[in-house]
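Engineer: Take the sequences, apply the hints, and build the full model.
Following the working numbering, the numbering of the sequence shown begins with 1 at its first residue and continues without gaps.
Since the hints were made in silico from the structure, they are not lab data.
As the structure is a computational prediction, the values presented were derived from the model and not from experiment.
There may be inaccurate statements among the hints.
To be verified - Derived lysine-lysine pairs resembling DSSO-like cross-links, with alpha carbons at most 30 Å apart:
1) Lys266 <-> Lys141
2) Lys53 <-> Lys141
3) Lys104 <-> Lys79
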Amino acid sequence: MASCDNCTRGYVLPGEPTGTLVAAMDGAYFAPGPPGSTRAVVYLTDIFGLPLKNSKLMADELARALACDVWVPDLFNGKPFMAVDELEPLMPDRAGVAMTLGQKLQAGFLMLRRAPSLYANRPSITAARAAALITRLRAEKGYARVGAVGYCYGGALAVRLGAAPEVLDSVVVCHPGGISAEQVRAIAVPAAWACAESDMSFGPALRQEAEALFRAREGRADFVEYEFVDYRGTAHGFACRPNLSLPEVKAGYEGALAQTIAWFNKTLPA
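Structural biologist: Rendered as structure tokens:
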């Protein structure tokens with residue numbers, strides 16, 4: 001199951017969203033690009049879902065920077081696991097900060113209370129919801145190329161959906177929560193990775209193994225473009241819920257956003 005303690009650490013970005021919620025697309029948030037765009041990006045949220053406005057604000061920014069439509073699916077059917085402020089006091093927001101035993105126990109108890117919701121919205125279910133929406137968008141909007149960027153829980157969904165080239169053409173994976181080497185091996189589209197320095201879910205061993213799996217495909221028929229970028233001083237969640245008062249975290253957040261824009265400009269040509 002794609003859950004991890006740091007998937008519930010949150011900072012709310014400044015500003016107000018400018019897009020709209022589209023009931024006809026199962027409540028997805030829509031940040032429009034210029035009319036006639038032939039590419040689109042799907043933003044796969046963290047565990048807090050659409051109620052946390054960060055995903056909407058970042059979708060607005062991606063739509064402006066990429067000059068294309070950006071969609072944010074309602075992965076949890078209007079019922080995300082928890083509010084952003086429930087575990088914020090318990091979780092580290094930068095590298096080098098460890099949770100106390102008491103914080104771990106409190107976080108574990110809260111996650112245990114959410115177990116039924118976690119199971120009802122396990123990745124196999126939410127990935128299917130996202131894939132169905134993307135398929136509809138391709139058919140109804142006529143997009144020729146669709147990419148997805150996923151954060152934390154959504155990063156794990158991006159890995160899953162990256163194994164289906166009929167669904168996606170490119171992915172960006174930001175500090176994913178709960179993935180396996182086998183899932184990484186199955187990715188069949190270009191993949192960029194934005195990695196935290198400190199991440200209990202996507203730790204050093206798995207991060208290095210993931211890059212090695214892509215490198216091993218060089219020169220083979222199943223090779224896909226890839227890149228891994230490590231952001232110094234950051235912890236899990238930095239790319240979507242940054243503590244902007246910390247210079248290294250702010251730089252990591254901005255760097256991961258710029259990496260995402262550059263990757264989609266490269267792999268989803270307009």
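Engineer: Look at each hint and say if it fits the structure.
Structural biologist: Tested hints:
1. Lys266 <-> Lys141: It holds: about 22 Å lies between the C-alpha atoms, which stays within 30 Å.
2. Lys53 <-> Lys141: Since the Cα atoms of lysine 53 and lysine 141 sit roughly 25 Å apart, the hinted pair holds (cutoff 30 Å).
3. Lys104 <-> Lys79: holds (24 Å)
Consistency with the previously given hints is maintained throughout, with no hint failing.
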